[in-house]
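K.L.:
Residue strings, one per chain:
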Amino acid sequence: MKAAKLWTAPAVVLAVFLLVMLLGLVRPSLHTTMFTIGLYALIAVPLGLIYGQGGTISIAQGSFAALGAYTSAILTTRYGVPPALSVIPAILLPAIVAFVIARPILRLPELSLALVTLSLGTVIAVGLQRGGDFTGSYVGLSGAPPLPLVGKDPVLVAIALWSVLLLVVILYSHFVHSARGRALNAVRVDRLLAEAMGVNVPLYLATLFAIAAGVAGLAGWFYVHFIGYIAPDSLSVETSAHILFMVVLGGRRSVLGPILGAAFFTFANDFLPGAETHGLFFGTILVLILLASPDGILSPQALRAIRRFFARTIPAGGGAPVVIPEAKKVAQ
Amino acid sequence: MTVQLLEFLANGIALGAIYALLAVPMSVVWVTTDVIDVSTGGYAVVAGMVAAVVGMPFGPIFGVLAALALGALAGLVFLGFHRIRKQRDAMLIVLATFALMLAIESGVLSTLGTDNRFLNPLPGSITLSGAVVTYQSLFNLAVSVMVMVGLAALLKLSPLGLQMRASAISDRAAMLVGVAVRRTQFLTFVFCAGIAGIAGVLAVLAIGMTYASTFIFTTVAFSGTVLLGRAGPLPAFWGAMLLGIVTAVSDAYLPNGWAAGVPSLLIILVLATGRMPATAFTGARP
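Protein chains in written order, with this note's numbering: chain A, 1 to 332; chain B, 1001 to 1286.
Be a bit skeptical, because a hint or two may be false.
What the hints assert, rightly or not - Here chain B is said to cover these stretches of chain A; the calculated rule only asks that three of the stretch's residues, wherever they fall, bring their Cβ under 8 Å from a Cβ of chain B:
{"#": "1", "stretch": "100–107"}
{"#": "2", "stretch": "110–124"}
Stated by the list, open to error - Per the computed footprint, the stretches of chain A lying under chain B, defined by three or more beta-carbons under 8 Å from a beta-carbon of chain B, are:
{"#": "3", "stretch": "127–138"}
{"#": "4", "stretch": "270–280"}
Honestly, the hints are just simulated from the structure, not real lab data. Each residue gets a CB set at the ideal place from its N, CA and C atoms; glycine is no exception.
Please model the entire structure based on the sequences and the hints provided.
P.N.:
The structure is reproduced here in structure tokens:
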């Protein structure tokens, strides 16, 4: 039972990835689509962990990804550092920034935290836009070398990115079912109680916040070395807002929720006509989903409702479901 | 030097007057409903854009009417959450207003494009202690003060104001004494969207706007709301004024464009240094 809990999400991710990559043999554009989904998912999944499990919202994930991308772009294009080495500072710099800022802000309630992280993203964006020659200003930086080993081949890059995502999903699944994961849930439900039970809440949340930022930085590294170019608008405050949208829509409490949200967002962007009307669609969908299922599409309530629906439609043994009165009483 | 500083101050006060009309409605909605209406910037942009497209003399009226309609939409979303999701979760509604902001921004972008829209400001200026002050700046300030006086009168003298204050202190107690709390909160959304709409009309006259101003105006509104560390329309008014002055002065003295980050930096400083009470966004009301 425990093994099923731990490995269901990674197995689903792997199965869907393999299926879509096979379909990509018929329609090659799917490989690029898989890269985009994987990139968004890699930024969104850690947010799902800290927000869905820990109650710590952040609207700076896109900005942390930009920080990672810029760090790597500057090191590789200006100082000749190979991408295989620049990945380390691309992860560390956003993580350190997040850790430093986390201590004073993570004590804030949810809404203030949302706004302060959004503001942090804005300050990072302004810094990147006005950074002159160092950051390439509004024009950005081009000429970032390709990824090590996989180069710019969309299939290989997608495989590399999804392998990292799979690893993140495995770690996430194991973490939430461990004692530390339960401690994180305790922090979300009652911070004071968690502290009373010995959890060092500020340090714990700051560490997770920093890890989430570091993973976003890694996604930024993938982005800049696959596309070869980064500008302030590439991974902007708007991206952070979209990442939050993916997490909330897909299901913030579920491991797979942010990935589902990323897939929905990417496919909607690809198939909906007129890019300028997308916000209308996403805004309306988000309001409706929040009204119907506040924890997103893959919420425990929604999954229970689906299970109930199928249990009613296809009862076990082919007959009408049998309810034992005593069991019903106990359940009540 | 002194004259130059006086001119920056005058520009800052004129800008702060617009900011105040963004921060005050956000603050009133917050204290009355427990929700930060993230789409406040959207009401202002829609009002400004409609005013610019229709033109003078009816543009501003249509602009404010459009903002009122959007406020009614936000109010309906708020009521929908209370009706369908029985338990109170302010953050859900904030996320919904965030979704509304996305939709408004997209709506403006798809109908009016990316162009910067503006209306011609009032011509002419006067000189005060050597500093040149435009009539538009004085007009902004006058409108802002008039709205504040009108709001004070509404809150202190009208039955709706009394109900809004009762809902702000305790919606449950207000319900028990017969106040139609949900209707009052719905009207608060509509009324405050109207004030944000006036801000949008002043902004399109004074500084112009694009669809992307939605987010900037929301950030400004929130900065003004929290800057002085207390909730309520009056602290929001003064906070926004201060923000306008700081922005105008930093625009003059900081390197090109860095002033754009000042409102966000202020939010971080105020919230991270603990100026805002920890319970401020968790249901505690002034």
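K.L.:
Among the hints numbered above, which are violated by the structure, and what are their numbers in rising order?
P.N.:
none
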